[in-house]
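Student: For reference, the chains in residue letters:
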Amino acid sequence: MEISVGELARRVGGIVHGDETVLIESAQSIAKAGLRDITFAVNELNLRLLSTARPGAIFIAAKFIDHALQNYPDRNWIVVKDPLGAFIEVLQLTRPQRERSTIGISPQAVIAPSAVIGPNCNIYPGAYIGEDVIIGAGCDIHPGVVISADCRLGEQCTVYPNAVLYPQIVVGNRVIIHASAVVGADGFGYRFQQGRYNKIPQLGNVELHDDVEIGACTTIDRAMIGATTIGEGTKLDNLVMIGHNCELGKHNAFASGVGLAGSVTTGDYVVCAGQVGIADHVHIGDKAVLGAKSGVHKDMEGGKTYLGAPATEEHDQFRILMALNKLPELRKQLRELESQVTELTRRLADQTVTVPDVANQVA
Amino acid sequence: MEISVGELARRVGGIVHGDETVLIESAQSIAKAGLRDITFAVNELNLRLLSTARPGAIFIAAKFIDHALQNYPDRNWIVVKDPLGAFIEVLQLTRPQRERSTIGISPQAVIAPSAVIGPNCNIYPGAYIGEDVIIGAGCDIHPGVVISADCRLGEQCTVYPNAVLYPQIVVGNRVIIHASAVVGADGFGYRFQQGRYNKIPQLGNVELHDDVEIGACTTIDRAMIGATTIGEGTKLDNLVMIGHNCELGKHNAFASGVGLAGSVTTGDYVVCAGQVGIADHVHIGDKAVLGAKSGVHKDMEGGKTYLGAPATEEHDQFRILMALNKLPELRKQLRELESQVTELTRRLADQTVTVPDVANQVA
Amino acid sequence: MEISVGELARRVGGIVHGDETVLIESAQSIAKAGLRDITFAVNELNLRLLSTARPGAIFIAAKFIDHALQNYPDRNWIVVKDPLGAFIEVLQLTRPQRERSTIGISPQAVIAPSAVIGPNCNIYPGAYIGEDVIIGAGCDIHPGVVISADCRLGEQCTVYPNAVLYPQIVVGNRVIIHASAVVGADGFGYRFQQGRYNKIPQLGNVELHDDVEIGACTTIDRAMIGATTIGEGTKLDNLVMIGHNCELGKHNAFASGVGLAGSVTTGDYVVCAGQVGIADHVHIGDKAVLGAKSGVHKDMEGGKTYLGAPATEEHDQFRILMALNKLPELRKQLRELESQVTELTRRLADQTVTVPDVANQVA
Chain U
1 MEISVGELAR
11 RVGGIVHGDE
21 TVLIESAQSI
31 AKAGLRDITF
41 AVNELNLRLL
51 STARPGAIFI
61 AAKFIDHALQ
71 NYPDRNWIVV
81 KDPLGAFIEV
91 LQLTRPQRER
101 STIGISPQAV
111 IAPSAVIGPN
121 CNIYPGAYIG
131 EDVIIGAGCD
141 IHPGVVISAD
151 CRLGEQCTVY
161 PNAVLYPQIV
171 VGNRVIIHAS
181 AVVGADGFGY
191 RFQQGRYNKI
201 PQLGNVELHD
211 DVEIGACTTI
221 DRAMIGATTI
231 GEGTKLDNLV
241 MIGHNCELGK
251 HNAFASGVGL
261 AGSVTTGDYV
271 VCAGQVGIAD
281 HVHIGDKAVL
291 GAKSGVHKDM
301 EGGKTYLGAP
311 ATEEHDQFRI
321 LMALNKLPEL
331 RKQLRELESQ
341 VTELTRRLAD
351 QTVTVPDVAN
361 QVA
Chain P
1 MEISVGELAR
11 RVGGIVHGDE
21 TVLIESAQSI
31 AKAGLRDITF
41 AVNELNLRLL
51 STARPGAIFI
61 AAKFIDHALQ
71 NYPDRNWIVV
81 KDPLGAFIEV
91 LQLTRPQRER
101 STIGISPQAV
111 IAPSAVIGPN
121 CNIYPGAYIG
131 EDVIIGAGCD
141 IHPGVVISAD
151 CRLGEQCTVY
161 PNAVLYPQIV
171 VGNRVIIHAS
181 AVVGADGFGY
191 RFQQGRYNKI
201 PQLGNVELHD
211 DVEIGACTTI
221 DRAMIGATTI
231 GEGTKLDNLV
241 MIGHNCELGK
251 HNAFASGVGL
261 AGSVTTGDYV
271 VCAGQVGIAD
281 HVHIGDKAVL
291 GAKSGVHKDM
301 EGGKTYLGAP
311 ATEEHDQFRI
321 LMALNKLPEL
331 RKQLRELESQ
341 VTELTRRLAD
351 QTVTVPDVAN
361 QVA
Chain W
1 MEISVGELAR
11 RVGGIVHGDE
21 TVLIESAQSI
31 AKAGLRDITF
41 AVNELNLRLL
51 STARPGAIFI
61 AAKFIDHALQ
71 NYPDRNWIVV
81 KDPLGAFIEV
91 LQLTRPQRER
101 STIGISPQAV
111 IAPSAVIGPN
121 CNIYPGAYIG
131 EDVIIGAGCD
141 IHPGVVISAD
151 CRLGEQCTVY
161 PNAVLYPQIV
171 VGNRVIIHAS
181 AVVGADGFGY
191 RFQQGRYNKI
201 PQLGNVELHD
211 DVEIGACTTI
221 DRAMIGATTI
231 GEGTKLDNLV
241 MIGHNCELGK
251 HNAFASGVGL
261 AGSVTTGDYV
271 VCAGQVGIAD
281 HVHIGDKAVL
291 GAKSGVHKDM
301 EGGKTYLGAP
311 ATEEHDQFRI
321 LMALNKLPEL
331 RKQLRELESQ
341 VTELTRRLAD
351 QTVTVPDVAN
361 QVA
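Residue numbers (our numbering), protein chains in the order written: chain U, 1 to 363; chain P, 1 to 363; chain W, 1 to 363.
All the given hints hold, so there is nothing to weed out.
To be clear about the criterion: a stretch of chain W counts as covered by chain P if any three or more of its residues have a C-beta under 8 Å from a C-beta of chain P, and this derived list gives those stretches:
hint, region
1, 21-29
2, 141-151
3, 212-219
4, 250-258
5, 330-342
Derived lysine-lysine pairs resembling BS3-like cross-links, with alpha carbons at most 25 Å apart:
hint, chain 1, residue 1, chain 2, residue 2
6, P, K326, U, K304
7, P, K326, U, K298
8, U, K32, W, K298
9, W, K304, P, K298
10, W, K81, W, K63
11, U, K199, P, K287
12, W, K298, W, K287
13, W, K81, P, K199
Calculated from the structure, these hints are not laboratory results. Quick caveat, the model's predicted, so the values are computed rather than measured. Using N, Cα and C, we set each Cβ at its ideal position, and we do this for glycine too.
Sequences are here, hints too, so could you generate the full structure?
Tutor: Next comes the structure, spelled out in structure tokens:
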């Protein structure tokens, strides 16, 4: 595909500064963009990469264009309201994906007679759909997926290869579950009796609300009673662990490696960076942000950023970290101070002797 | 289902304090229990939730009943020896699960002719059983499970969908392996030669002893020689990593995210909280407890609780943590002390000068 | 199998010190070796285990033989250039593995008509090969593996059960992908707009170069644009996360639990110990070593060892750790020093009063 900068600008409703006739073949990040690539810049850091990079054209917001023209006058700009949005639009244009398959229900899938599959679904070969499962319209169930008895999926869900839903899982609309994710395995609950761990039956289930996305190899355990719940719009990255009876709010975003023990609850818009751990029964308030590798063992108020293990507010942690880095130096200072005090003490002792001497001398 | 408090008490051998005629429909945790739910209380923290919660009835131990009657007189209690046990019993009664399937050996499973399957097993469609595998009586092998050549399973094991056993794995009785767990992949062993990592053949296997439970997406690598061993009754949560040649004792319990490098050995009753990491060749003694996110790089004596990375005994870590939190303040104190000492030094110097003056003056 | 020490020595080109007639049945690690086992020793730590262990024979390097004969005179040694190499050779001899299967392309595999499979491949039952996939000669594709449309694999690759390749993944030669690994799931990329996370299409792919090995349940996300790249010879352990657009150099080795956010780049020969986390867009230089549980949020120069979270150079971290351990003591020292200074101040104040008195007295 070749498309001129002028034509691109027309498509995304942008205004060109530079050469409208330059031909664009594909879209690239600014650092890697070549003469026939379009890219985008949303901050000065992006722009600074132009000292070495030579993209064919750059999407930019109106507020940066003066700075851009002044500092990089020989480039081709397209001013748009939403540079990243325009870039994604071109990306999709220049890299057309396979159309969604329309294989329907494969005869090589294993589907229980009591299961109900909505219209316009693709059930791939090797998928397994258990007794009394209900699947809404327009879902894609990929090869190797296991949806166990009594699960219910809404419309337009995608379940990628080899993901597993244990029995009774309730899934909303437009939910995406990536490969090898496991939803609804038993919670880690035992009674320690006579020197053995005896399993507590895990009789609850899991609910994934609308627009949830679950990453590859992420595991969400079923509740002991009630439901482990993932709120609307919440996104979990790969290799995340959500323990039994957790209840996540809406529009949370958890990066890879995050682990929640049992019965954790979160408000809306909670963000966890990578490898965060949260102890059981803790509540994380609305819009709290937990920095990478934080370890949380008590309730955290919303609207704040926390760091460290045990996690504290960001600025406290920065103070601690700064102090920590100065710790070896601080020990040295303390040792010096000790010698000074010893010296002072000695001198004062000497002097205490001296003074009477003076007195005696003058006496 | 509806059942009266009196009838419930008879079933679990309890004694009612309150209204025997109240009808119970289901079981719930104390915080969520409504007028037709039964719940249980095993400590004062549970009881305190009764200030807002209104459960239909509460299982309680004899030792708490006086306190309970005095503080919450208008509730319905069933005194039992084991409140949680009674609660679980009712939970199972009010939430009957599907009976275990009796599909037998599905013709849609792939089973090597040389494999031997015991009586009363369910081998689901899409399961794969390799050459010379032996499976004991009463096992459930779910869809998508792969049991490779030469594996041996005992009786009454459950292997959940898409779990994988590499060749030669030895599994005891009543073992549960959750979805997408991987048992017996190659250990991470290489020789670094001429600038390349050359694979060391991993010729050992894995042994899971009786009553072991393995969580979803947990991986247990095969030994280079000998066997990676998980002792009787040991429970591993989801997303746990056990490296090659590890030997875990009996009745260990490891929470999600725990990672053991190669050749780690543990005694019996070792507990690891979430996201613990243990370096290779380390030994953890009987009944040691490793707190969440601990990092262990040397042997740990049994019977103690450890925290931190590098892990130390709990009370040492608490002292360090407390000191750490006061570190910014400590720096401030040190700075103040420095000025005081500087001031003292100055004053002492002045005085040292002053004293001879006095002497001179009087001379 | 039984083989004499003399015969073993001839096979591996070694020289016997001790009894050539002793019969060896198998190979074992030094701590576990019995009278009919051969083992190997590559350092004095190994040799010290001989105070209790009684192996039938020991492979040893020439440089240790004098020390060995002097300290453990009654043992049987085989001096070889490469003790571990000789040991592995015997290990393979005494534990013959099943020969590679020659099942060819199973009729129970699901293979798209447009897929091209090279000669001498085994495609096991239950494997799924999508449209336009190309697989080179001599590959093993195990049961339950899903290779999605437009993937290309080189020669002699092994993909273990239930591993998943999303569309368009490019795999070199001799690549090993372990069970339940997921290559090419969507990167964790969203735009936060009007209170919702909207998915950014992830239109790039993943490239695994020659001789890469990917551990069980490891996930490598596809790029948003371009390719997430794993360089030649790089080995990833189990449960590792590689975010979208990461580019790993050659011969990296990452232990289990390592997590890389998006767009991380590494040089060659980078080593990450277990549970390391690296923030997005960070670069790690050639031959850098990141210690277990390190947390990295900025570029790290090559050739150095780093520890801690936030990671610093090893010796800085050791100084901090040492200081940290002395922190409670340091607080005590500071308190003592404070009282000393208070006392000094008091005494100096007393004296200051005293001195004029002396002066007055003498006046």
